[in-house]
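For reference, the chains in residue letters:
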Amino acid sequence: MSTNGSSITLEAPPQGIEGQGFFLTTLDQVVGMARKNSLWPLPFATSCCGIEFMATMAANYDLSQFGSERMSFSPRQADMLMVMGTISKKMGPVLRQVYTQMAEPKWVISVGACACSGGIFDTYSVLQGIDKIIPVDVYVPGCPPRPEQILEGIDKLRDLVQNESIRRRNSPEYKDLLGSYGIDVK
Amino acid sequence: MEVQQVLDSLNQRFEGNVGNIEESYGMTTIQVRKSSILEVVQYLRDELSFTLLTDICGMHFPDNDEEMRFAVVYHIHNLFENIRIRLRVFLPEENPEVDSMTPVFASANWQERETYDFFGIRFTNHPNLVRILNMDEMEVFPLRKEFPLEDAGRTDKDDRFFGRTIHNE
Chain A
416 MSTNGSSITL EAPPQGIEGQ GFFLTTLDQV VGMARKNSLW PLPFATSCCG IEFMATMAAN
476 YDLSQFGSER MSFSPRQADM LMVMGTISKK MGPVLRQVYT QMAEPKWVIS VGACACSGGI
536 FDTYSVLQGI DKIIPVDVYV PGCPPRPEQI LEGIDKLRDL VQNESIRRRN SPEYKDLLGS
596 YGIDVK
Chain B
1018 MEVQQVLDSL NQRFEGNVGN IEESYGMTTI QVRKSSILEV VQYLRDELSF TLLTDICGMH
1078 FPDNDEEMRF AVVYHIHNLF ENIRIRLRVF LPEENPEVDS MTPVFASANW QERETYDFFG
1138 IRFTNHPNLV RILNMDEMEV FPLRKEFPLE DAGRTDKDDR FFGRTIHNE
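Protein chains in written order, with this note's numbering: chain A, 416 to 601; chain B, 1018 to 1186.
Hints in this document: simulated from the structure, not taken from any laboratory.
All of these numbers come straight from a predicted model, not from anything done at the bench.
Positions of the beta carbon are idealized from the N, C-alpha and C atoms, including for glycine.
Be careful, since some hints might not be right.
[Claimed, not checked] Mimicking DSS-like on lysine-lysine, the simulated pairs with C-alpha atoms at most 25 Å apart in a straight line are: (1) B:K1174 x A:K505; (2) A:K547 x B:K1174; (3) A:K547 x A:K505.
[What the hints assert, rightly or not] Only some residues are given here: those of chain B computed to face chain A with a beta carbon under 8 Å: (4) E1039; (5) F1135; (6) R1139; (7) I1149; (8) E1163; (9) L1166; (10) D1168; (11) T1172; (12) R1177; (13) T1182.
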């Protein structure tokens, strides 16, 4: 992040062959680059980590610099499900429904100790980590994590997004993973 | 009106069904027989102006006699004289069931559902006695002492960091 307005950096072009008037590369890399820079978050904030996320979104930390300007409060138009806060067992089916409503490709970030493992809530009424009901791509530890940590989590996810196959949902590994959660991949 | 007058009035009206009067945490507690709790609360509301049912909750005493393993506690408040009274009904472990307070106080509805949810105490004539806070699929009554607090599905918790008896390392 730079405070100097003159040093705006552009996204580096993918590897490819460049000539006069044309640029040749693979579709994977172009799509990966596009997806990486337009991850629309779906905030699923249930407690204090959600407050840290609000700070992450606001001007000081400015999540929108990574192309996540638009909060998507409809799961249909979101790419990145951000689960922030304690998920009680009663909330579990709701979270799962939100996840299954998201269109492919989709990714999940679990923010904070509660979403990752149940956190301090070692009790019968709290889900002991959201990975018990939906697959998670990136875990952000902390109670609550600072905005820098959330940004780093998003950065890790952006690396994943860029380097993944554009048709990840057709791969047998992905189908197996979602199958183990009882979710069908269309 | 003083608390003592309330107690005298109750003792006179419900001879033998109320007793064991004690004071704890600045509030007078009366033990009431299960069969007369509805009448006692109705009498307090209509005759002695205890118009607010502050709280209903359950208690579990696994070490008590079998007839006194469960208790339902009613907190009731006279707003005019600012007098609060706590009523306590003991129930047997075999069949923890007591009359629902909903005919007298409509607000008892959710409080009794909560008590049922956590202790499995049933309330006769309750209009909709189902779980209210826990998920419907839950099979236990979690605040009964025989059920562990920890979630059975916990996989990465270390007891040492949670102030628990150490079962895992």
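- Are B:R1139 and chain A close enough, Cβ to Cβ, to be under 8 Å, as the hint says? 21 Å, violated
- Hint check, B:L1166 versus chain A [nearest Cβ-Cβ separation less than 8 Å]: Status holds, d = 6 Å.
- Message: Let's test the interface hint: is any C-beta of chain A closer than 8 Å to that of B:D1168?
- Response: 5 Å, holds
- Message: Next pair to validate is A:K547 with B:K1174; report whether the Cα-Cα distance is within 25 Å.
- Response: 14 Å, holds
- Given B:T1182 as an interface hint, is the shortest Cβ-Cβ distance to chain A below 8 Å? 13 Å, violated
- Taking the least C-beta to C-beta distance, is B:E1163 closer than 8 Å to chain A? This interface hint is violated because 13 Å lies over the 8 Å limit.
- Query: Against chain A, is B:I1149 within 8 Å by beta-carbon distance?
  - Reply: Given a least distance of 11 Å, the restraint on B:I1149 is violated.
- Message: Can you confirm whether the C-alpha distance between A:K547 and A:K505 stays at or below 25 Å?
- Response: 14 Å, holds
- Quickly compare the C-alpha distance for B:K1174 and A:K505 to 25 Å and report which way the hint goes. Holds: B:K1174 and A:K505 sit about 21 Å apart, inside 25 Å.
- Message: Quick check on the hint: B:T1172 CB to chain A CB, less than 8 Å?
- Response: The hint holds - B:T1172 has a Cβ within 8 Å of chain A, the shortest such distance being about 7 Å.
- Item | B:F1135 as an interface hint toward chain A, with CB separation required under 8 Å | 10 Å, violated
- Message: Interface hint check: B:R1177, Cβ to nearest Cβ on chain A, cutoff 8 Å. Holds or violated?
- Response: 12 Å, violated
Checked against the numbered hints above, the structure violates hints 4, 5, 6, 7, 8, 12, 13; every other hint is satisfied.
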